[in-house]
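Colleague: Given next are the chains, with one letter for each unit.
Number of protein chains: 2
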Amino acid sequence: MRIALLGGTGDIGQGLALRWAYDTNHEVLIGSRDPEKARTAAEEYETELDSRGVDRTIKGFRNEMAADRADVAVLAVPPYHVGDTVDAVADKLDEETVLVSPAVGMKGDDDGLHYHPPSTGSVTELVASRAPDAVPVVGAFHNLSADRLANLDLELEIDTLLVGDDDDAKETVRLLAEGIDGLRVLDAGPLANAAEVESVTPLLINVARYNDGMHDVGVRFT
Amino acid sequence: MRIALLGGTGDIGQGLALRWAYDTNHEVLIGSRDPEKARTAAEEYETELDSRGVDRTIKGFRNEMAADRADVAVLAVPPYHVGDTVDAVADKLDEETVLVSPAVGMKGDDDGLHYHPPSTGSVTELVASRAPDAVPVVGAFHNLSADRLANLDLELEIDTLLVGDDDDAKETVRLLAEGIDGLRVLDAGPLANAAEVESVTPLLINVARYNDGMHDVGVRFT
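Those sequence lines, one after another, are chains F and R.
So for the first sequence, numbering that gives the first Met the number 0 puts the first residue at 0; every next one is plus one.
So for the second sequence, numbering that gives the first Met the number 0 puts the first residue at 0; every next one is plus one.
Bear in mind the hints are in silico, worked out from the structure with no lab data behind them.
The list treats identical chains as interchangeable, and a pair is accepted whether it falls inside one copy or across any two copies.
Lysine to any residue pairs mimicking SDA-like chemistry, simulated, CA-CA at most 25 Å apart:
id	residue 1	residue 2
1	106	117
2	58	32
3	106	165
4	106	119
5	106	164
6	106	120
7	106	128
8	106	221
9	91	164
10	106	118
11	106	116
12	91	129
Since we're looking at a predicted model, the values are computed, not measured.
Here chain F stands alone, though its shape is the one from the complex (with noise of 0.2 Å):
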């Protein structure tokens, strides 16, 4: 399978990139809208895995060529850049191509931070609204610490959630996602059902702020 990290020089981007190179042998991309960037942080990627002994080639390409050679493209791009994401790359996707969204849409003041979701409910379906009809959206990893992912070091042993409305797609991604060791991917139901989890964000953040030795928490169904 070959996956495109879109914005894939960004935080989340760099933990899946790492997780998926280190434990999997999916082919990785890094996405960028400046193809120089994304080169170089493919190049940090490789050397990262390099000093754990693992020899991997990972490959830098702007946004649209990332996306158009995937199979599974991750939209790894801060909330506010998701639409233009999309748009950027829409005429190089289609139903062959999974398009996956795991941002989430927050506001902060003095108590913490809060779910603060586009008009069309949640981020997720913001994606499937912009996306061209045929092609599918799952929403998925949402509720993950980026700084934890990206540390190898660190046993994830931690949940994710997919939301979609078509069941390939979501098989496909589940597949991906269980590739990644001690990830535990559990079914959250439809795209309706995706503010549901992407509100859990917020909270990690919080109980991460309120509480002693919570950094970089994650949530486990149990």
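Chain R: place on chain F using the hints.
Modeller: This is chain R only, laid out in the frame that chain F set:
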């Protein structure tokens, strides 16, 4: 400590009453709009505990009388009864009584359950807005399965999150909650962070629906 479970004849009230009576020495009072119903439920809980070799006295009262006697009053009523219940007991509460809100507003459709807070932003904040100003309000026990609580054969091994603006009241509720075996207590910050806590409840119900073997699922932050 004397704990009143207002609406303690319902399922979450039953679960908390049984756990506190079984695991701690706190005095447990059952409240209801109908005192006869409260007394019947209290007797049933005593019988359940007696069958496990635990001799406890649990008394039933009208909600107002239970609140009047309580150090901590838990609003174990459905979300659409929370406001009326606060109004009914308001003149029995004072700065010495901690009012605890575990209710969550949800609505369902074919896809699953969705978070549906009141205009105050959360049920917990609704309680704070309706209670007399001097009465400290703490949100807790939102994400617990009532059936799992009520079945004393089951180990909990789950977390509950506290929100509140009064540190002393929060500490009181933390100690009460930690008295329940297998329940870990985490701080989610001020009352303003209640929505992110409450919205986990519909997510848990969706996870239970879409995954095998996840009936009565709870959450652990790890």
